[in-house]
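Chemist: Could you put together the complete structure from these sequences and hints?
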Amino acid sequence: MKQIWNDIHGQFHPFSALDFLPREKMRTLQSQRLREIVALSYAKVPLYRARMDGLGVKPQDIKSIDDISKLPFMQKTDLRDTYPDGLFAVEKKEIVRLHASSGTTGKPIVVAYTDEDLKIWDSSIIRCLKMYGVQSSDVVQNCYGYGLFTGGLGLHSGAQALGCTVIPASGGNTERQLMLMKDLGTTVFASTPSYFMHLIEEGKKRGIDFKKLPLRIGVFGGEPSSEGMRKFIAENTNVKFCDIYGLSEIVGPGVGGECEAGGGIHILEDNFYPEIVDPETGEVLPDGQEGELVLSTLTKRAMPILRYRTHDITSIVSEPCPCGRTMRRISRISKRSDDMLIIRGVNVFPSQIEIGIGRVEEATPNFRIIREMKNDMESLTVEVEIQDKYYGDSIAQIEAIRKKIQASIMNIINIRVEVSIVEANAIPRSEGKIKRVYDNRPKEAK
Amino acid sequence: MRITQISVFLSNSLGRLESVCKTLADAAVNINTITILESGDYGIVRMIVDKPSQAREALQAAGFSCKEVEVLAVEVADEPGALYKLLEKTKNAGVNLEYMYAMTKPSGQNPLMIMSFKDIALAEKILG
Ligand SMILES: [Zn+2]
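Protein sequence lines correspond, in order, to chains A and B. Heads up: the first sequence at position 14 corresponds to 14 in the numbering used here, and the numbers run straight through without jumps. Heads up: the second sequence at position 98 corresponds to 98 in the numbering used here, and the numbers run straight through without jumps.
Treat the hints with caution; some may be incorrect.
30 angstroms max Cα-Cα, derived DSSO-like pairs, lysine-lysine [claimed, not checked]:
hint, chain 1, residue 1, chain 2, residue 2
1, B, K22, A, K204
2, B, K125, A, K389
3, A, K231, B, K67
4, A, K403, B, K118
5, B, K67, A, K211
6, A, K443, A, K107
7, B, K22, A, K205
So these bits of chain A aren't anywhere near chain B, every CB distance computed over 10 angstroms [claimed, not checked]:
hint, residue
8, L55
9, I95
10, L341
11, E423
Honestly, the hints are just simulated from the structure, not real lab data. Beta carbons are placed, not taken as given, at the ideal position from N, Cα and C, and that holds for glycine.
Modeler: Next up, the structure:
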């Protein structure tokens, strides 16, 4: 049965049926699933029981999905503090897979899956891949890291379950990535957008024209994407930019995806329930208003996560989507509440600087932000690479570009930053999540 | 005489110019003359070399942003007023000089001035 469906070159798969559930039916399903997961969490996880008791909330108080706001929030520190298995809600024998975060300091965050959880994860990834138009005939080069990280194995398993040919390339080794891509006829590329941009640049140096390759879809996630990245990829390839949203604490990639309409990311809300809250007060905000995304797993049993503060800043779009899916969307995520820089009293997000740079046609999306102290004042220097043809013979011309970038950034953030034009390839390229901000301030100033 | 200058954009950090020179040395390119224009955190290096296209290819392969730029090499007599006479001609023709630097030549010959003009064709006609 699955095979027959897979051979149809449409966007639909039996799993995709839930994408189109009428809103009332979706709410009924969400309510029923929330009641079950709260009952399980309260019964099996001491942290949930203690927190709910502290708020005077009992599982029987949770009747419909709207009651979710009665539940306590969870923070990343809760996952750390309960290391390694304090949030597991099932017996060890039911757990078939563990993943862990690659945190640089201290203990990692461990996440667990039952066999059923993995099946739901696969189905979530399949639903996302179908939104992008991925077919069983596609060749998927998966460059998310394999191993403890959820990205590699998660996407692998979903793409394979859809019937795609999966190349488990994992991250790194530029030379080999380019070779595999050319020789094996990759049609779908999965990585962070910045890593794909890095490969485009490396390919150019070796005379590889990405427009001549059969590559057609990019499954991009793991870091916020910007207009500049999208523009660069559109100009240099025939790849359709498809956002995949996910985080390991919730499940991994596959929490939501961007449909053909391109107006945001559909959250698979029968599995992962989204709310937007005020990052300061925690108050739930109505659809359409910008705030912090909070997610709850409605179906994951090994390690249920309720009302997790993602720190991603976005808003919920509840207007019907032209693609016909009824799942609500979130706007593209470009800001994280923990990325926010406070410069001389003004809130600045790296993504705003990126937008400013993106408006200057001579600039490239390759930039970094350096924070330092100058004369006891905090100063921000933005280093930018410009397009090759503008590294000319004239200082006047380069100065004009520098001032243009400076003005464009100031237009958005309302404060003056230093802009420095640097050589092509001077900004370190990342093979994973891109690092934008370098803090060179002395310890006592941080 | 019209010749090709190599211009390289460099960040102002330790060892970048050395790295340019090493790249050219490894490519067996001889630098006839070199001048550096600096502006805070970056600079532009201008060079006249014996093999311009090899120089550009080697530098680009090493990751440098560099360009070939057409300039004029003009012989200037080693005597008072020689440069003045030359610049008077270009001024009268309305051809603006963008920049200029001297190139050393073996003894017994007149020095060469390397000159950049927006309208290089016209300047070449005037300066013959
Ligand atoms: Zn849609």
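Chemist: Hints first: check each against the structure and report whether it holds.
Modeler: Okay, the hints, checked on the actual structure:
{"no.": "1", "hint": "B:K22 to A:K204", "in the structure": "24 angstroms, holds"}
{"no.": "2", "hint": "B:K125 to A:K389", "in the structure": "29 angstroms, holds"}
{"no.": "3", "hint": "A:K231 to B:K67", "in the structure": "26 angstroms, holds"}
{"no.": "4", "hint": "A:K403 to B:K118", "in the structure": "23 angstroms, holds"}
{"no.": "5", "hint": "B:K67 to A:K211", "in the structure": "26 angstroms, holds"}
{"no.": "6", "hint": "A:K443 to A:K107", "in the structure": "24 angstroms, holds"}
{"no.": "7", "hint": "B:K22 to A:K205", "in the structure": "21 angstroms, holds"}
{"no.": "8", "hint": "L55", "in the structure": "55 angstroms, holds"}
{"no.": "9", "hint": "I95", "in the structure": "48 angstroms, holds"}
{"no.": "10", "hint": "L341", "in the structure": "21 angstroms, holds"}
{"no.": "11", "hint": "E423", "in the structure": "5 angstroms, violated"}
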